[in-house]
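Asks: Construct all of the structure, not just a fragment, from the sequences and the given hints.
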Amino acid sequence: DAGVIQSPRHEVTEMGQEVTLRCKPISGHDYLFWYRQTMMRGLELLIYFNNNVPIDDSGMPEDRFSAKMPNASFSTLKIQPSEPRDSAVYFCASSSTGYGYTFGSGTRLTVV
Amino acid sequence: RKEVEQDPGPFNVPEGATVAFNCTYSNSASQSFFWYRQDCRKEPKLLMSVYSSGNEDGRFTAQLNRASQYISLLIRDSKLSDSATYLCVVNVYNQGGKLIFGQGTELSVKP
Numbered sequence: 050d051a052g053v054i055q056s057p058r059h060e061v062t063e064m065g066q067e068v069t070l071r072c073k074p075i076s077g078h079d080y081l082f083w084y085r086q087t088m089m090r091g092l093e094l095l096i097y098f099n100n101n102v103p104i105d106d107s108g109m110p111e112d113r114f115s116a117k118m119p120n121a122s123f124s125t126l127k128i129q130p131s132e133p134r135d136s137a138v139y140f141c142a143s144s145s146t147g148y149g150y151t152f153g154s155g156t157r158l159t160v161v
Numbered sequence: 048r049k050e051v052e053q054d055p056g057p058f059n060v061p062e063g064a065t066v067a068f069n070c071t072y073s074n075s076a077s078q079s080f081f082w083y084r085q086d087c088r089k090e091p092k093l094l095m096s097v098y099s100s101g102n103e104d105g106r107f108t109a110q111l112n113r114a115s116q117y118i119s120l121l122i123r124d125s126k127l128s129d130s131a132t133y134l135c136v137v138n139v140y141n142q143g144g145k146l147i148f149g150q151g152t153e154l155s156v157k158p
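The listed protein sequences derive, respectively, from chains C and Z.
Take the first sequence: its letter number 44 is residue 93 in my numbering, and every next letter is one higher.
Take the second sequence: its letter number 3 is residue 50 in my numbering, and every next letter is one higher.
Note that these hints are calculated values from the structure, not bench results.
Check each hint, because a few of them may be wrong.
[Stated by the list, open to error] Cross-link-like lysine to aspartate or glutamate pairs, in silico, DMTMM-like; alpha carbons within 20 Å at most: (1) Lys145(Z) with Glu67(C); (2) Lys157(Z) with Asp129(Z); (3) Lys49(Z) with Glu60(C); (4) Lys117(C) with Asp105(C); (5) Lys145(Z) with Asp105(C); (6) Lys126(Z) with Asp104(Z); (7) Lys145(Z) with Glu60(C); (8) Lys117(C) with Asp106(C); (9) Lys145(Z) with Asp104(Z); (10) Lys92(Z) with Asp79(C); (11) Lys49(Z) with Asp79(C); (12) Lys117(C) with Asp79(C); (13) Lys49(Z) with Asp105(C); (14) Lys89(Z) with Asp124(Z); (15) Lys89(Z) with Asp105(C); (16) Lys145(Z) with Asp106(C); (17) Lys89(Z) with Glu60(C); (18) Lys127(C) with Glu67(C); (19) Lys92(Z) with Glu93(C).
None of these values were measured; they are calculated from a predicted model.
Replies: Structure, rendered in structure tokens:
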């Protein structure tokens with residue numbers, strides 16, 4: 050298994066631009082999670098899905114952030130418009146029972 | 048108050064030393080507990096689960112005290128390769144599959 054695959058690995062964009070982060074979970078996993086990591090706040094859960102349905106999006110910072118999971122093998126996290134304070138590493142993770150996550154390698158986002 | 052609290056460190060120890068990390072959690076409904084390891088600029092990876100009776104995996108020993116809402120990780124005979132950030136993680140019973148991560152404790156093992 051290739052593990053959780055995220056793209057792009059790095060993204061540099063200008064303030065105000067739309068950013069789309071992508072994630073392919075491990076086949077057969079029914080949970081998918083989006084996290085953001087910064088030095089100041091550590092790992093924060095943004096949103097998670099169970100069987101493609103959003104369960105808890107209370108961590109999404111504001112309306113500029115949106116996430117979708119159109120099918121079991123793909124999810125996106127979109128930021129529109131992006132701001133410098135969105136600069137962070139964004140991790141996607143999946144699991145089969147809600148325990149023992151497998152993380153992707155992350156997307157390092159820099160908004161200038 | 049954060050749901051999971053850890054001493055951020057850094058802990059600087061010589062090779063061969065024994066080092067212990069502590070973690071407290073605030074939600075008494077927490078039901079599953081883990082330690083994750085994160086290397087610099089990499090993703091977190093599961094190190095071990097933590098069971099009520101305590102458990103060991105080689106040089107690593109994890110303990111859980113539900114009454115005190117306290118979790119620990121002991122690393123014996125530390126190696127240079129143990130240098131990383133160690134994340135304390137809990138799952139809360141009524142929050143489905145959601146894991147709550149502590150800020151992490153940084154460990155640096157020196158020759």
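Asks: For every hint, state whether the structure bears it out.
Replies: Verification of the supplied hints:
{"no.": "1", "hint": "Lys145(Z) with Glu67(C)", "verdict": "violated, 28 Å"}
{"no.": "2", "hint": "Lys157(Z) with Asp129(Z)", "verdict": "holds, 10 Å"}
{"no.": "3", "hint": "Lys49(Z) with Glu60(C)", "verdict": "violated, 30 Å"}
{"no.": "4", "hint": "Lys117(C) with Asp105(C)", "verdict": "holds, 12 Å"}
{"no.": "5", "hint": "Lys145(Z) with Asp105(C)", "verdict": "holds, 9 Å"}
{"no.": "6", "hint": "Lys126(Z) with Asp104(Z)", "verdict": "holds, 15 Å"}
{"no.": "7", "hint": "Lys145(Z) with Glu60(C)", "verdict": "violated, 27 Å"}
{"no.": "8", "hint": "Lys117(C) with Asp106(C)", "verdict": "holds, 11 Å"}
{"no.": "9", "hint": "Lys145(Z) with Asp104(Z)", "verdict": "violated, 25 Å"}
{"no.": "10", "hint": "Lys92(Z) with Asp79(C)", "verdict": "holds, 19 Å"}
{"no.": "11", "hint": "Lys49(Z) with Asp79(C)", "verdict": "violated, 28 Å"}
{"no.": "12", "hint": "Lys117(C) with Asp79(C)", "verdict": "holds, 14 Å"}
{"no.": "13", "hint": "Lys49(Z) with Asp105(C)", "verdict": "holds, 19 Å"}
{"no.": "14", "hint": "Lys89(Z) with Asp124(Z)", "verdict": "violated, 24 Å"}
{"no.": "15", "hint": "Lys89(Z) with Asp105(C)", "verdict": "violated, 25 Å"}
{"no.": "16", "hint": "Lys145(Z) with Asp106(C)", "verdict": "holds, 11 Å"}
{"no.": "17", "hint": "Lys89(Z) with Glu60(C)", "verdict": "holds, 16 Å"}
{"no.": "18", "hint": "Lys127(C) with Glu67(C)", "verdict": "holds, 7 Å"}
{"no.": "19", "hint": "Lys92(Z) with Glu93(C)", "verdict": "holds, 16 Å"}
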